[in-house]
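Chains as they are written, first to last, in the working numbering: chain A, 3 to 434; chain B, 738 to 992.
The set of hints was computed from the structure by calculation and includes no laboratory data. In this text the structure is predicted, and so the values were computed from the model without any measurement. Ideal placement from N, C-alpha and C gives every residue a C-beta, glycine not left out. Do not take every clue at face value.
Residues from chain B that face chain A, not an exhaustive set, calculated with beta carbons under 7 Å [to be verified]:
hint, residue
1, K762
2, A806
3, V830
4, A839
5, A842
6, P931
7, D932
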Amino acid sequence: MNPFLAQCRASFEAQATLEAGVAERGQRQAEWTRFEALGWPTTRLEDWKYTTLSGLEKLSLQNSVEPREEVKGVPPSLPLEGIPANRLVFVDGAFQPNQSMIDRLPEGVRLRFWSDLDAQERERFTHKMAPARALTAFGALNGALFTEGVWITVDAGCALEAPLHLVKVSRTGQRMSHGAVLLELGENSGLTLREHCVGNTDQPTHSNWVTAIELAPRARLTLVKVQQEGLLSYHTAALHALQRAGSHLQVFSFALSGALGRNDITLRLIEPHAECVLKGVYRVADRALQDFHTSIEHDSPHCTSDECFKGVLEGSGKAVFNGRVRVALDAQKTSSRQSNHNLLLSDKAEVNTKPQLEIFADDVKCSHGTTVGQLDEEQWFYLRARGIAADLARTLLIQAFTLEIAEAIPHVGVREEVRHLLSGTVEENDHV
Amino acid sequence: MLSIKNLQASVGDKPILKGINLDVKAGEVHALMGPNGSGKSTLSNVLAGRENATVTGGSVTYQGKDLLALAVEERAREGIFLAFQYPVEIPGVGNVYLLKAALNAQRKHRGLPELDAMDFLALVKDKMKLMEMNESMLYRAVNEGFSGGEKKRNEILQMVVLEPNLAILDETDSGLDIDALKVVSHGVNSLRSPDRAMILVTHYQRLLDYIKPDFVHVLSDGRIQRSGGPELALELEREGYAWVGDATNEGVVAP
Numbered sequence: 003m004n005p006f007l008a009q010c011r012a013s014f015e016a017q018a019t020l021e022a023g024v025a026e027r028g029q030r031q032a033e034w035t036r037f038e039a040l041g042w043p044t045t046r047l048e049d050w051k052y053t054t055l056s057g058l059e060k061l062s063l064q065n066s067v068e069p070r071e072e073v074k075g076v077p078p079s080l081p082l083e084g085i086p087a088n089r090l091v092f093v094d095g096a097f098q099p100n101q102s103m104i105d106r107l108p109e110g111v112r113l114r115f116w117s118d119l120d121a122q123e124r125e126r127f128t129h130k131m132a133p134a135r136a137l138t139a140f141g142a143l144n145g146a147l148f149t150e151g152v153w154i155t156v157d158a159g160c161a162l163e164a165p166l167h168l169v170k171v172s173r174t175g176q177r178m179s180h181g182a183v184l185l186e187l188g189e190n191s192g193l194t195l196r197e198h199c200v201g202n203t204d205q206p207t208h209s210n211w212v213t214a215i216e217l218a219p220r221a222r223l224t225l226v227k228v229q230q231e232g233l234l235s236y237h238t239a240a241l242h243a244l245q246r247a248g249s250h251l252q253v254f255s256f257a258l259s260g261a262l263g264r265n266d267i268t269l270r271l272i273e274p275h276a277e278c279v280l281k282g283v284y285r286v287a288d289r290a291l292q293d294f295h296t297s298i299e300h301d302s303p304h305c306t307s308d309e310c311f312k313g314v315l316e317g318s319g320k321a322v323f324n325g326r327v328r329v330a331l332d333a334q335k336t337s338s339r340q341s342n343h344n345l346l347l348s349d350k351a352e353v354n355t356k357p358q359l360e361i362f363a364d365d366v367k368c369s370h371g372t373t374v375g376q377l378d379e380e381q382w383f384y385l386r387a388r389g390i391a392a393d394l395a396r397t398l399l400i401q402a403f404t405l406e407i408a409e410a411i412p413h414v415g416v417r418e419e420v421r422h423l424l425s426g427t428v429e430e431n432d433h434v
Numbered sequence: 738m739l740s741i742k743n744l745q746a747s748v749g750d751k752p753i754l755k756g757i758n759l760d761v762k763a764g765e766v767h768a769l770m771g772p773n774g775s776g777k778s779t780l781s782n783v784l785a786g787r788e789n790a791t792v793t794g795g796s797v798t799y800q801g802k803d804l805l806a807l808a809v810e811e812r813a814r815e816g817i818f819l820a821f822q823y824p825v826e827i828p829g830v831g832n833v834y835l836l837k838a839a840l841n842a843q844r845k846h847r848g849l850p851e852l853d854a855m856d857f858l859a860l861v862k863d864k865m866k867l868m869e870m871n872e873s874m875l876y877r878a879v880n881e882g883f884s885g886g887e888k889k890r891n892e893i894l895q896m897v898v899l900e901p902n903l904a905i906l907d908e909t910d911s912g913l914d915i916d917a918l919k920v921v922s923h924g925v926n927s928l929r930s931p932d933r934a935m936i937l938v939t940h941y942q943r944l945l946d947y948i949k950p951d952f953v954h955v956l957s958d959g960r961i962q963r964s965g966g967p968e969l970a971l972e973l974e975r976e977g978y979a980w981v982g983d984a985t986n987e988g989v990v991a992p
């Protein structure tokens with residue numbers, strides 16, 4: 003057993019002992035058994051062929067056991083200052099009531115925490131989290147080890163204009179954090195959720211969260227996630243969404259730093275006229291790896307999906323994109339687009355990209371496209387011919403390549419904030 | 738201002754410029770005409786520093802400096818402006834951002850203070866009126882989705898904002914209707930001054946009805962075959978290029 007697994011087992015045993023309820027103990031045990039049965043993901047498995055976890059295996063990380071373990075003084079380098087309201091803060095997997103600001107949410111938005119739920123509610127929560135936890139072995143590990151969970155419900159007809167911020171901080175080195183998010187949107191409701199995954203330690207950390215989403219008919223949800231963790235951070239995350247009739251889901255995922263990131267995203271369109279947009283950016287520098295495994299499942303007719311991921315790879319950076327689109331036999335009149343574009347800025351960088359279309363219906367419009375290329379020489383020359391320094395021109399073009407994804411974020415405040423993150427210091431110093 | 742001596746350049750293995758000699762003084766406007774494939778665009782590109790043409794001989798002196806030793810961006814900051822024949826679309830980079838970054842790079846190079854946002858916008862809006870351009874184009878990405886005419890106008894807008902010492906206009910008239918041609922010419926003429934020089938690269942005489950050159954040169958097969966005053970352009974319009982050489986019949990394609 004590798005050091006990582008040994009520590010996970012110790013943590014699981016400690017946590018199962020602490021769990022008061024028999025049902026909860028049983029549930030953690032079942033997830034642990036499932037995790038062991040699935041086995042540690044190695045590159046021999048098709049889903050992990052290009053993503054080696056050999057770095058993570060060697061780490062011995064402590065788990066947070068106390069769901070409200072208070073961390074005093076979140077360092078100012080974290081973006082809390084910029085988030086005046088509607089924020090939920092988790093540090094190393096534990097909820098921080100004093101750092102969070104949730105008193106100004108409208109009545110139609112309810113937040114409940116796993117640790118406060120009664121036995122019956124916990125059973126429902128667990129049941130609803132199951133599809134997200136089923137996506138990978140890390141989902142099972144989350145079920146066995148999770149510290150806290152938050153259940154966000156938006157009542158029918160309630161549309162929240164201001165974004166809700168979910169801040170996940172990896173603050174302490176040598177720690178792992180396992181959390182769960184359940185998001186339920188009622189009919190005709192609307193929400194923008196901005197997810198900040200941040201870290202400010204140069205020690206190794208592992209963040210392993212699962213998110214389950216259920217959208218009632220005509221609900222509208224925008225989820226914007228940004229990973230900006232430390233250089234030695236490991237990030238595994240699973241997202242599962244169920245979309246009912248006419249619902250609209252937009253997921254934006256920006257993986258901007260970290261040693262290794264693996265996002266498994268499954269969006270299921272289970273009733274007619276549901277629409278999903280799935281867009282993302284991954285940026286990897288030396289020795290870093292980002293992996294997106296996405297699956298869009300058209301189970302019902304007249305649904306639309308629009309997927310685009312863009313990658314920037316420098317140094318010996320690596321990336322994996324696996325885009326599965328499945329159109330069921332009776333999902334006629336499906337419209338589906340997928341694209342993956344990569345900028346390879348070094349000879350040592352590597353991207354493994356695979357579209358995986360499984361189309362069983364015959365009256366559908368489905369397209370996909372993949373490109374791997376270098377910076378456009380003509381564009382570079384044009385900028386330099388206007389007096390812009392070669393390095394700055396290069397940086398501008400790299401940013402421009404990824405900014406296109408941010409432009410599609412509907413909420414103007416979140417869009418500007420992400421634009422700013424993507425353009426770094428260049429525009430900051432020279433903003434018109 | 739500019740002195741080109743026996744300039745030779747190749748694209749790939751193919752020699753395109755075979756000994757160009759040209760002197761351009763401040764205040765002068767030179768028209769460079771010639772059939773397709775004669776080397777007009779290659780000459781513009783070599784002057785701006787594009788790397789797809791390799792200089793194999795000769796020299797270019799600009800304001801006493803060895804131009805060929807300068808990087809592309811240094812040439813621009815020293816006051817050389819190339820209006821592109823095919824302006825490039827750059828999605829994700831704002832027009833206004835490019836203009837401001839370009840102007841301030843040049844000002845910094847000359848030891849002038851950078852313009853702040855207010856002064857810059859006032860300047861640009863003034864120049865946009867001159868070019869009869871809608872202000873909304875400032876906030877679009879560089880040339881993205883612009884029509885052919887809009888792209889050419891945008892090139893001249895950049896030129897009037899940057900106020901170069903030496904402007905090289907590469908086939909700026911191609912693809913312009915008569916109204917756009919008038920606006921573009923008006924912009925170019927507004928920049929004419931005793932300290933500034935221009936090289937107009939063009940296939941047709943039409944542009945020269947609106948921008949009067951002091952000298953006309955006919956380029957063919959990589960050499961300047963004839964030089965003269967504005968009357969030479971009219972002669973070309975009447976007679977065609979057939980007499981200057983065989984280049985038109987070789988099926989040579991412009992690079």
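Hint-by-hint comparison with the structure:
Interface restraint check: B:K762 against chain A, minimum CB-CB distance 23 Å, threshold 7 Å, status violated. Among the interface hints, the one on B:A806 is violated; its C-beta lies about 16 Å from the nearest C-beta in chain A, farther than the 7 Å criterion. With 7 Å as the threshold, the beta carbon of B:V830 comes within range of chain A, its nearest partner Cβ sitting at about 5 Å, so the hint holds. Proximity of B:A839 to chain A holds as hinted, the smallest CB-CB distance being about 4 Å (cut-off 7 Å).
The restraint placing B:A842 at the interface with chain A holds, with a minimum CB-CB distance near 4 Å, inside the 7 Å limit. Restraint check, B:P931 versus chain A: the minimum CB separation of about 24 Å is more than 7 Å; hint violated. Because the smallest distance between the Cβ of B:D932 and any Cβ of chain A comes to about 19 Å, over 7 Å, the interface hint for this residue is violated.
Checked against the numbered hints listed earlier, the structure breaks hints 1, 2, 6, 7; every other hint is satisfied.
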